[in-house]
Amino acid sequence: GAGVSQSPSNKVTEKGKDVELRCDPISGHTALYWYRQSLGQGLEFLIYFQGNSAPDKSGLPSDRFSAERTGGSVSTLTIQRTQQEDSAVYLCASVLYNEQFFGPGTRLTVL
Amino acid sequence: GENVEQHPSTLSVQEGDSAVIKCTYSDSASNYFPWYKQELGKGPQLIIDIRSNVGEKKDQRIAVTLNKTAKHFSLHITETQPEDSAVYFCAAEGTGNQFYFGTGTSLTVIP
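First to last, the sequence lines map onto chains A and B. All you need for the working numbering is the position in the first sequence, starting with 1, plus 63. All you need for the working numbering is the position in the second sequence, starting with 1, plus 407.
Calculated directly from the structure, the hints in this document are not laboratory data. Only a predicted model underlies this, so the values are computations on that prediction, with no experimental measurement involved. Take the hints with a grain of salt, since some may be wrong.
[Stated by the list, open to error] Once the Cα atoms are required to be at most 20 Å apart in a straight line, the calculated SDA-like pairs of lysine to any residue come out as: (1) B/K449 / A/E107; (2) B/K449 / A/S72; (3) A/K120 / B/G408; (4) A/K80 / A/R127; (5) B/K475 / B/D434; (6) B/K429 / B/K475; (7) B/K449 / A/K80; (8) A/K120 / B/K444; (9) B/K449 / A/S70; (10) A/K74 / A/T172; (11) B/K444 / A/G66; (12) B/K464 / A/K74; (13) B/K449 / A/L174; (14) B/K449 / A/S150.
With the hints as extra help, turn the sequences into a complete structure.
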């Protein structure tokens, strides 16, 4: 069946611009994570959505980062006024019974 | 919060030999430990996991061991094949559904 999809796969933007990254989770999965993966590093937790509960935003690195999940399905991660240090691969994962299913990621490059 | 350390960062083995990757964690409340394999340009994929009520789990050529007293867990791959070459991540589930990842091990299997 269809896995987790993310778009765009690659995004190049200029410093100071806003970007929106999209995640389409697996249908029926109620939980969703966003992570950031910098070169040669592990995955850094950003935000967690579970059903209709308030999201756990404790991993968002600054108030330039926000995320929403509409209708308990599609999620968007927005980064405002991008900085060069925001360059990374952004991964989302939908969750079933603790198991995380990752999308292919969006590679963000801020020039 | 939880802190996960992973060693080695790179590992090269001859085809057919075994590979072992080790992780330690700090939060004794963690009770779920997944391992992920990430191939170039793809998101991480779960390969095996273990819960704290089990000391060892095996799935064909892959096994994971957990020592809760010492707070460490290890991935063992036997009879390695070139297609095992990838980056492997360990993780520990902390409180609040957050996952903490190691920094990854780049495994190269030499034919």
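Hint-by-hint comparison with the structure:
no. : hint            : result
1   : B/K449 / A/E107 : 16 Å, holds
2   : B/K449 / A/S72  : 10 Å, holds
3   : A/K120 / B/G408 : 15 Å, holds
4   : A/K80 / A/R127  : 11 Å, holds
5   : B/K475 / B/D434 : 10 Å, holds
6   : B/K429 / B/K475 : 14 Å, holds
7   : B/K449 / A/K80  : 26 Å, violated
8   : A/K120 / B/K444 : 26 Å, violated
9   : B/K449 / A/S70  : 13 Å, holds
10  : A/K74 / A/T172  : 6 Å, holds
11  : B/K444 / A/G66  : 16 Å, holds
12  : B/K464 / A/K74  : 40 Å, violated
13  : B/K449 / A/L174 : 23 Å, violated
14  : B/K449 / A/S150 : 17 Å, holds
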